[in-house]
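Top line first, the protein sequences correspond to chains E and F.
Using my numbering, count along the first sequence one by one with no gaps and you end on 477.
Using my numbering, count along the second sequence one by one with no gaps and you end on 743.
Any given hint might turn out to be false.
Stated by the list, open to error - Cross-link-like lysine-lysine pairs, in silico, DSS-like; alpha carbons within 27 Å at most:
| hint | chain 1 | residue 1 | chain 2 | residue 2 |
| --- | --- | --- | --- | --- |
| 1 | E | Lys266 | F | Lys467 |
| 2 | E | Lys243 | F | Lys602 |
| 3 | F | Lys657 | E | Lys294 |
| 4 | E | Lys330 | F | Lys663 |
| 5 | E | Lys243 | E | Lys266 |
| 6 | E | Lys405 | F | Lys55 |
| 7 | F | Lys410 | E | Lys231 |
| 8 | E | Lys51 | F | Lys657 |
| 9 | E | Lys91 | F | Lys657 |
| 10 | E | Lys405 | E | Lys192 |
| 11 | E | Lys327 | F | Lys657 |
| 12 | E | Lys266 | F | Lys602 |
| 13 | E | Lys108 | F | Lys467 |
No lab work stands behind these hints, which were simulated from the structure alone.
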Amino acid sequence: MAEVNRRDFLSGLGVTVGTALTALPGLPSVGVAHAQDKPKGNIPDTPFKIGHMTFFTGAAAVLGEPMYKGQLLASEEINATGGLLGKRKIEILKADENAGTDANVKELRRLKLSEKIDFFCGITSSGNTPALGPVAEELKVLTIFVDGCTDFLFDKAVPNPHYIFRITNMQSADGVTGAVAAAMTWPKTKRIAHIHPDYSYGRNAFDHFRIVMKKMVPGAETVSEAWPKLGTTDFSSHITKTIAAKPDLLAISVWGGDYVAFYKQALRYGMFDKMKVASMIAFGVAPHAIGKDHPEGIIAGVHSNYHFTYPGGDKWPYNKTFVEKYHKRFNEYPNFQAEGGYTATYMLKTAIEKANKLAGGWPEDDAIISILEGLMMAGPAGYVYIRPDNHQGYKDAITGFSKNVPEYPFPILDPNRIITIPIRNITAPPGWPKGEPTSTYTWIDKTWPQVAMAAEAPKAPAAAKPAAPAPAKKQ
Amino acid sequence: MRLIPALLLLVLALCVAAADAGHEITFYPSFYPQEITVRFIDPARGAALLRQKKIHAYSGGDVFADAAAPEHVSWAESLGGLVVLAFKPTSAGFADAEARCAGAAALIRGLGASPPFVVHPYPVTPYHEDYVLHYDRVQRARDRAPGRAPRVRALAGPLRTALAAAGLAAGDDADAVLHVVSPAFLLADAETRMLGWTGPPWRKEGWYHAWLVQASSSPVFPRAAHPLPEELFRRRTEGAFKTVAERVDLERRLVAEAGAGCERIVLGYMLRRNPFNDDYAEGIQNVAVDSHAGLASEIFVRTAKLKDFPWNGWLSLAVPDRLHALEGAWNPVAGFTGAAGRLIWAAVGDPALIEDPDSARFIANRARPASVTPATEAPADALAPGTLRPLGAPAPAGSKVVYRVLLSKTHDGQRMTVADILYPYAFAARWGTPGSARRTYDPVVERATTLARRSIVAVRVLGVKKEVKELGDMTLMYDVPEIEVYLKPGVDARDAAALAPPWSPVPWHALALQEEAVGRGLGAFSKAEAARRGVPWLDVVSGRAVLAKLAGDLESRTFVPEALRGHVGADEARQRWVALREFARTHRHHLPTAGPYILGKVTAEQVTLPVFRDFTYPLGIGSFDQYPIPLRAFIVKTERRGDRLEIQADVESIEKFARSYKIVREPFRPQPANEKFREPLTVHWVVLGGHDEVVAAGASRDVQNGRLVVDPGRLKPGAYRVQLALSLNGNLVAPEVKVVPY
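So here's chain F without its partners, still in its complex pose (with noise of 0.2 Å):
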């Protein structure tokens, strides 16, 4: 190995000397495509481009559904959006839950399964994390005695084809409405899509889902007159609970209970199929999918891989808006909201955490969780996340989460400190809270940061350590910040590192601009709020005059904000306002972010993301290979013995060629100790009383003799039936479920 001279260790760097290195250089920052073009074009332009090979994929939905797809198509599936029938109160003939809920029986019958619709009537799909666990009910609502068909109103699709097929199709007399509510428009008002946080942690859970459905509320999806069991969401979402089983139980009772009233019935849902080009020379591979968001996904962006290529090429993309200004404007804390703003954002912005394709919960990203440990107190020094100064005295706590955090330059060329990963808890106090100082305020920003301020305590800095990667006669060194995070005591061990981890893809300087100008009253982060103040919806390419000449009088000031003084220097804070500034005059905007994609060039038409191959950015081409082929696993058979059950279970391989791949189903064998796979198989269990109640419930990797084993603790004496279902790698989309008696 060769010697680092000390001063190199205190800057990210890159040696490269003569002598000893192949030409295979194995690591190469950021991820595949070396350029993404994201076009905006219609589906029946999309459908003709795709069939010449002149775009990779459209990510809007079916362009073949009405027509034969070319062979060299393939589609990517994912959970379009749940199907639901909401009465309206005014329809005399269901009034009540009971005619309700045989209505909807009956309409299901009527319907049948209609591609891409799938029956299912129940919120809690294969496409939930959580599915095993509601299995049974699944199977109760399909078993549902049949009333009256209800006549019911549809937009225009299949779901009308089929209605007016079974003669149920209705106008405005109709007794219902029937919608698809895509996640997305679920989650539109209660996640947190704010500079690199995601959340809430349960964003992908189908009991939080089966919460929305009766909760949300809009003009075309007015909110239920049921009274909702605010109190069960309450203690779920707090962690009011102490056993796996209680959760899980509260969780039945939840989506149970809301959905009592039979006003909103899930019938089924929707499959979204994003159309790709799998051409073996033009195509692409690798495509990981995520199970809620489709190709629009950070995954996606991470993983596709052009079959001409090894590593490179120009990846092209394509949504249906036409004009970002027309589908929301583009700013990093409430911007990017639309199909468009989605998909680019994915790929220039960096999440803390990426959630994981074919489950509920996250990958770590740039903010790696080491720890989750319990904790009485955060310590003096500890600094308080609305000021960012010490605490001065001790503060109670539940739980600390120990982050490792990976540093990277930004696209304007600066190295990211500790104080860009800190700001994001300054800026979320200031601008989430309401107060006097209303043009400090943004309502959205309030509700995307309410869990993360009603759960952290404080932040505190343990150090900045010094890793190194070293490639032959490269030496790749990396800034890596190690923080913990205090939490107040009730957060959930499973949800606390997705709280409030230290990350933001926007260097504080940056974040400064938009602060500065929103504050000024040149715009507002969210549509909401734009509207009420009656300014523009701020957004960093149309709004980059704006911008440039804030930036100049900040520069001129040395600005640094509130919360960092005493965090950054005057020389570090005049030297990233220069670089801001040369950054805006080549890119035509102000949005630098760390992320493995830079914005760049923005017409009505279509942006161009090239690639940051800069050797700084921690994570290299390959680094979530494992994600795009989901593998199953199978039950092949169960036996008990004494306390416990034990499962012999067929796994999913991937036997990978050339430029295609082929899965093979093969017994399952224990891995040898030193493969590391992303999880090993794993089979998630509940265990049900006779009268439906949750006894014990778990997951399991015990593996014995090659067979898995489930030990739910010694029951009293009954008759008991365990819902099982096996994930491997941790894919648990559509899982087999197999239920035995116990």
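Isolated chain E, as found in the complex (with noise of 0.2 Å):
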């Protein structure tokens, strides 16, 4: 395998930290402002639809409620014009991801074949798209998944796919994108600590987390590895184990509340004046699930997703429209799950139209299906393109690093070091052979080349970079 040097790696990959995203012509993009065609045809006025299911009840609420209400938010405002091709308003059915697995699929049934649902949305759990994917491709049901992130779906469940979508990116770019932005920010660490859930996603962050790693910073060892059980709430014995390796660097897939009380025990051992730490997912539920006493400067994953405050400003107006027009409504945040909700319904939405546009009046799913296969518009959180093969939603990755600042009450992202890396990059292209654990990171194992041991040697050929294939368009 060749050897390159770190900085053309990272160039390679097309990693940009602090950067803004610059908008393409002529693609589409959330929002209604601009104005929209008379469609093609009749157009019938009955309600469109959606079937909407997400966690309304348990810890899991965090994320499926903002999931609703970014749908929500788009729904009210595209009945606000009228409807789907200015006829036809949404009606959004709820239904509480929560019921567990065998309910949630017999609820799906139910929405298709005694509501007469006409799309299926929502999902938060990697334990429920699996299941419902192949029943949706059963019932034939127009669907996107917002999250359900497994790579398991596409890779195993459903791997050819035809009514079956998901738009929030796959669950093996959270170990890679924090390994990337690690690697990248504390180039020389040479002693890794491990501190993981003990069940999948710990496992699968850990994977990626360490292939990674082992290409970008190939003189690092691990030298503790930490698997709290699923329940834990006594990190003490983890963080003593841990600190006691004496890392420089900790990687951390922990989340949601065992992530909170995770780094307040850890402030009382001084964990993170003693290491690096970079996690996949500390800021991965809700903006305002984190308190103002988390450590600054940590590598703060989002689920490579999203965070409200990138693009910032007004770089790019997708997202401060969204933010503001999703503040105004539910008077918080969005979230991952929020900006995915919402983008999908405007994926539909643009799907239709376009598929209006090619033969006139209420377009059969499949027009839609073939319209939304290698889609890409512009949504709040940058580019997405849905990849046609696969069915799956990609976008840029990014991370960064926490920061309080005194505009909200939570700490968020420094805006000036946002990290951002094209998932084109870091995911297996389409054609790339199914692989265990997943076929990213044999993909990775395989193909990316790796940095050269000494620091920072000249500027590698162009032929060592990353294999980096470029979005397929469809078009």
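From these two lone chains plus the hints, build me the complex, please.
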């Protein structure tokens, strides 16, 4: 395997820090500010029924409710202009994902067969998308999963999807993004400690973080692994074990309330003063879910998807407008699920409008699907692209550094240090054989070059850059 | 779905495998805080700590009653107590009922509202579910003509201040005494709080409190001379009525007749205001408050969430009792009686049913009533509750309740079995029946179990089902026994499920240890029995040395209680005793339970309750999230159409955002069928005739054309009036009541 200089490696990956997106002309975008072409043909005025299933109760409601709000906001905006194609008002039927996988499958069937939904959306849990995906295919119900981000869905459960799509990044992006950010920020890392929850997400994060660090910081060794059992509330033994190993860097994928319990306990041990910390998902719940006592300057992952402060200011109007409207409507700031629900709704709208332009009248599902495949549009988080081969949405992965600012009662990502990575450069490309534990893992393992151990060697030849396939546009 | 090896089907199991779960594990067993600390501090210190945001809530009254509270403090309001005027029998000026009634009316006018005192001259208050059924009586009591006001003695506080301001305060020469009688005081000698049983079923109903106001007796609150309507009480509590209207009529007559002597008159009620920290970052949210118990309730510890955490966090509470030894011993049979004890047991114990915070009903918890059906007999193979042996022959019965019981591991790591949940029946029979073996009797157990023992015929185990919860690549499996409980004829179906549910949060071996201790004269379950026998009131913490020694003895004998022989094998018994020994070694007490929190470190200053985040615990974070924000509904318009009444309503809904919420009012629209709520919009109604007689009564959820419909049936021609109140999500606290002619 070729060796490259780390700077060139990062450059090849397209990693940027604190830069803004540039709008591409002609691409569809979220929002309805732009003039809408008159639809072709006869459009029925019957309501367009969306079955939205997410967590409205239980621990995961902190993710689910914003997802629903995102879709609700988009639907209200669309309805205010007359509805889809100016005629069909969106009607959302809510279903609580907390009912359990079996019940969710039954509810999807009921929604399609009894309520006659036109479109199914939502889903937070990766435990549910592999169960619901095949059923949606069987029922032939057009579906965009907002989350449920497991690689397993399109790697194995529904390898050749027709009716189902997913809009948020895949799980493997978390570990990869965290590792790329850590390698870029702390390239002299020699000793890495890991704390991950002892179930598949933790193992996925560990695997992908480690494979990337092996490529990008090859001199670093793993000096400690801690695997808190699910439900752990006392992290002190994991913290003391980690500190005792004297790492330079801690990689951690503990999430949600478990992460909050962890960092508050870690503060007592001065852990954040003793090592750098890279988290995959510290800020990946909801902006308000983290306290101001959270340490600054750690890599605070956002599930590699979205943080409402990026792109900030006026640099990317779609985000500015979305955040303002969302906050005005719901009195809170959106999380990645809210952005996903919002963008999914506009993706659907865009596909329906394009399909109408082609054939007139209300388009058949297959016509909408053919538009969605390969569709790229501008959403609050940036460009999102639906890969036609696996129906997976791709958008640039982001992460950043925790920072407290007076404008918000919770920490945010430092606006000057946001790290973005083109997702195509950290995800297995179309046609890559299915792999274990994931296709992305084997792709990285087999194709990424290894950074030379000598510190910041001269610029490497262009041929040694990592594979970075361009998005395959369908048009 | 992954295939589960057959062997694993035999046990509660948690399987975790790689491949397909995301970060969002969506089920976290037990409830939000990862640890609860209960500190024993006086109100002044409580106020200081709340100001400094060092505690989240104070369960013991409004510590800011006399001072301005900081902005970050909010209050959880509940019924603090009825304000009862008790005339002295020796008061010459108030020798007859009429003078006393008129005197009370005059006193009310003199007092006026004096927060937290609320004028309400009737024992059934807006904090009682049956308020709407008595609404006319409340208005009539308000309109009573005043006479000469009595001179009244009262304890220091806002009431005495108000009395003094009105020139009606007196000392020992007073005509009457003003008492504030809390629901806990009223129920002290009447309630069931034993193991996982909670009762009686009508414990939160206004008519029952009205009865207790007259029937209770203590040195400071001597019983009135006026004869009580015992027959009405018997008929109501034994289900001797055929219709809802008949039941309501009984209750109204009972309240009227019990208070007819005006020796004890309810003037109003006090609001209990428990302060809690509502700060954006450091406070708590999702606070469910029991309408009678306030924060010292099961629902509070199962809903309270720290604002700084999506879940987890250290919840810091305080109560006024400094030393638990002063407020009562801690044992699960007749202990945990003080303010601290109640709060701690609410977290450590886990009842079969939880009291609904906003009504008089119960919420299914660990014993889940699946059906209540008529039955003519209990089958021969059903078990007699006292012996847990088959009846041998069918026995007459009136109804059958089927429960699904959610088992789990107990804190000592032992998997619960059917033996654990059946054992309370045998325990009740053994300790609740006076007999020659006086050491195995406790009068408090007798009283607390009277209703259950009087009602139950037999219990039958239908089987133990395996229930599976799939969470992606995680498969959680639970043992769920299905149990039939046969009750005697005459039990009201409304009350049946709460009478004797098959459940105990205390595993049989821990309970047997305490029984043996009491049986050997080392203590007593109740304070009264301890005093009578001159032994310590059994306490699992302070009595741990005695219990440890005894546990060693029982372990060496692989002890199994008589009633459980045949239900528990030697290996299981051995394992239980070993586990208890190990548990006591690490926790320094002998009270493992199946509850969501563990009784942890106990000091003179505080108790720590770590969460039992064990994946066999069947209920999870958010299980009771429909209870923290009670919603109300309002009658906008009523319209008579033929023989029925149609109601147009406004309803409240919640908009949650960040770490807060707001309530918005909007016109009622029927909810989609797939959206589940605690309870749909319901109208509670009673039709009264010209002589105040109850003609019809009921509750309706029938919605037609967006309007609720009340159909009282065909009534005889005449002038009637209908009292109506709406409940949304089951909330019947302080409903708006409308009276319409009909």
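Against the structure, the hints come out as follows:
Proximity of Lys266 of chain E to Lys467 of chain F is assessed by CA-CA distance (about 38 Å); at most 27 Å being required, the pair is judged violated. For the hint pairing Lys243 of chain E with Lys602 of chain F, the CA-to-CA distance comes to about 25 Å; that is within 27 Å, so the pair holds. At most 27 Å may separate the alpha-carbon atoms for a hinted pair to count; Lys657 of chain F and Lys294 of chain E meet this at roughly 21 Å. For the hint linking Lys330 of chain E to Lys663 of chain F, the alpha-carbon distance of about 14 Å falls within 27 Å, and the restraint holds.
With a C-alpha separation of about 17 Å, the suggested pair Lys243 of chain E and Lys266 of chain E falls inside the 27 Å cut-off, and the hint holds. The hinted pair formed by Lys405 of chain E and Lys55 of chain F meets the criterion: a straight-line CA distance of about 25 Å does not exceed 27 Å. Note on Lys410 of chain F and Lys231 of chain E: the hinted pairing holds, with a Cα-Cα distance of about 17 Å set against a maximum of 27 Å. Between Lys51 of chain E and Lys657 of chain F, the direct Cα distance comes to roughly 24 Å. Compliance with the 27 Å bound is thereby established for this hinted pair.
For the hint pairing Lys91 of chain E with Lys657 of chain F, the CA-to-CA distance comes to about 25 Å; that is within 27 Å, so the pair holds. For the hint linking Lys405 of chain E to Lys192 of chain E, the alpha-carbon distance of about 25 Å falls within 27 Å, and the restraint holds. Restraint check: the Cα-Cα separation between Lys327 of chain E and Lys657 of chain F comes to about 16 Å, which is no more than 27 Å; the hinted pair holds. Restraint check for Lys266 of chain E and Lys602 of chain F: the C-alpha separation of about 21 Å stays at or below 27 Å, so the hint holds.
Distance hint between Lys108 of chain E and Lys467 of chain F is fulfilled; the C-alpha atoms sit about 20 Å from each other, no more than 27 Å.
Consistency with the previously given hints fails for number 1 only.
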